[in-house]
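Engineer: From just these sequences and the hints, can you work out the full model?
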Amino acid sequence: MVGGYGPVVLGVVLDRVDLRGVGDIAACLPRPEPVPEGSVTAVREIIEAVRADGDAALARYTEQFDGVVPSTWRIPPAEMAAARDRVDPSLRTALEAAADSIAEFHQGQVSKEQTHSRQGISIRSWDQPVGRAGCYVPGGRAAYPSTVLMTALPARSAGVEEIALCVPPGPDGRVADVTLAAAAIAGVDEVYAVGGAQAIAAMAYGTESVGSVDVIVGPGNVYVAIAKQLVAGSVGVPAAFAGPSEVVVVVDGATPAEYAAVDLIVQAEHGPDGLAWLITWDAGAADAVTDAVADLLVDAPRSDDIAATFDRSGHVVLVDGPESAAEVVNFIAPEHLQVMTESPEVVIDGVQNAGAIFRGPLAPASIGDYVAGPSHVLPTNGTARFAGALSVRDFTKPMHEISVDAEGLAAVGPHVAAIADAEGLDAHAQSIRLRGFGDGVQRGTDDE
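Take any residue in the sequence shown, count from 1 to its spot, add 1415: that is its number in this note's numbering.
Just so you know, the hints here were simulated from the structure itself, not pulled from any lab data.
Treat the numbers as computed from the prediction; the structure is a model and nothing was measured.
Just to be clear, a hint being listed does not mean it is correct.
[Said to hold, decoys possible] Below are the EDC-like pairs computed for lysine to aspartate or glutamate, each with C-alpha atoms no more than 20 Å apart in a straight line:
#: 1; residue 1: K1527; residue 2: E1494
#: 2; residue 1: K1812; residue 2: E1528
#: 3; residue 1: K1527; residue 2: E1816
#: 4; residue 1: K1812; residue 2: E1576
#: 5; residue 1: K1527; residue 2: D1503
#: 6; residue 1: K1812; residue 2: D1629
#: 7; residue 1: K1812; residue 2: D1542
#: 8; residue 1: K1812; residue 2: E1463
[Said to hold, decoys possible] Okay, the calculated beta carbon distance ranges per label pair:
#: 9; residue 1: A1474; residue 2: S1532; range: 53 to 63 Å
#: 10; residue 1: D1710; residue 2: V1437; range: 24 to 34 Å
#: 11; residue 1: G1621; residue 2: P1491; range: 18 to 28 Å
#: 12; residue 1: R1533; residue 2: E1673; range: 28 to 38 Å
#: 13; residue 1: E1448; residue 2: R1539; range: 42 to 52 Å
#: 14; residue 1: G1602; residue 2: P1449; range: 37 to 47 Å
#: 15; residue 1: R1808; residue 2: P1491; range: 39 to 49 Å
#: 16; residue 1: T1530; residue 2: F1746; range: 49 to 59 Å
#: 17; residue 1: P1813; residue 2: S1627; range: 19 to 29 Å
#: 18; residue 1: F1746; residue 2: P1716; range: 29 to 39 Å
We treat Cβ as the ideally placed atom computed from N, Cα and C, and that holds for glycine.
Structural biologist: Here you go:
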């Protein structure tokens, strides 16, 4: 048996789609399932309950979904510091090294103030950080200290003054030491033992214990992602749908089959609802990787989760060549794209839609998950068509200041008055004329 799936049904685990010779590739590809309306309704009910009942609603839903109610929602800061000291020194060193890499990359993204001047008008522009950011980190099934770093450090690099973190409690009602240690390393100000859609609602609207925030970021299951979409507008939310994990691996005959197989498994082990696709123009490579997946699943600790993801949305896609591979990638718009072919640039040059691209056999997506620098909070569910990785820009808002001298008002005043007159906004035009500019502009008449 292979992770609960016998070899006779392995074709079901990794479904094969042959697109060789097909003209309309998109028409033949499996399409992602839409978010069930029932899930949206359920999440909307949770959000409204939290808005109405505050902490009482948090308690009801946390007991319902996590089987426990923490003795206190907020973790004392001293407990965060103590957890940092309790974790294994080698793990603490690894977290600190990852934090340095992530912080350095995102500090390089911070934009400088700019000034633009033209005809007596001067515009000063800058990115203003929000005052308070909320980071969501999944939990329950596993601890994700890396996500603490990947959400909090971009916020800190952007200049956010207060960072709040929500993470589901474990069966004992506590937050794992490794998560708290990462929060301490990242400089998180507040940690709350609450997860799910109820945590998103609490950060968006506030409760007796959880203060509302200006921006909410972080990955999660489909319910968390739906909740962020529903509160968007009341609070800032990145455009990306940061849901279940996805990976597309592109290979050819030169790719080590085990490398491709383990990298498919890497993202699939996050659990169901994600996707794992292998794309190749070499049928022999497809067979070799499929066999390697079966071999690696035998001893995989999370073989059931991996096999469930493969069974639901695991595909091997055969295409005519690198250009067709890029076309399939653009259709999927995956969260993670790994290109391990002999000439990876031929594929990558044709890719327009991907959350993060990993080039070559020595760049597995796990490098990006932990230490490369860019945030591993990436667009899923096709949103890589218009969104990218979480960045400092998600924690800032563009602001500008305009100053005008007499030369500038003289130059543009008549234009302002003319356009205002055309729109029937007399006061707009008058604001120019009262300052002694805009005279001589031909005003319209009622007959016109």
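Engineer: Hint by hint, say whether it matches the structure.
Structural biologist: Here is how each hint holds up against the structure:
no., hint, verdict
1, K1527 to E1494, "violated (37 Å)"
2, K1812 to E1528, "holds (13 Å)"
3, K1527 to E1816, "holds (15 Å)"
4, K1812 to E1576, "holds (14 Å)"
5, K1527 to D1503, "violated (39 Å)"
6, K1812 to D1629, "holds (11 Å)"
7, K1812 to D1542, "holds (5 Å)"
8, K1812 to E1463, "violated (28 Å)"
9, A1474 to S1532: 53 to 63 Å, "holds (57 Å)"
10, D1710 to V1437: 24 to 34 Å, "holds (31 Å)"
11, G1621 to P1491: 18 to 28 Å, "holds (20 Å)"
12, R1533 to E1673: 28 to 38 Å, "violated (59 Å)"
13, E1448 to R1539: 42 to 52 Å, "holds (48 Å)"
14, G1602 to P1449: 37 to 47 Å, "holds (39 Å)"
15, R1808 to P1491: 39 to 49 Å, "violated (33 Å)"
16, T1530 to F1746: 49 to 59 Å, "violated (43 Å)"
17, P1813 to S1627: 19 to 29 Å, "holds (23 Å)"
18, F1746 to P1716: 29 to 39 Å, "holds (33 Å)"
In this structure, the earlier hints numbered 1, 5, 8, 12, 15 and 16 are contradicted, and the remaining ones agree with it.
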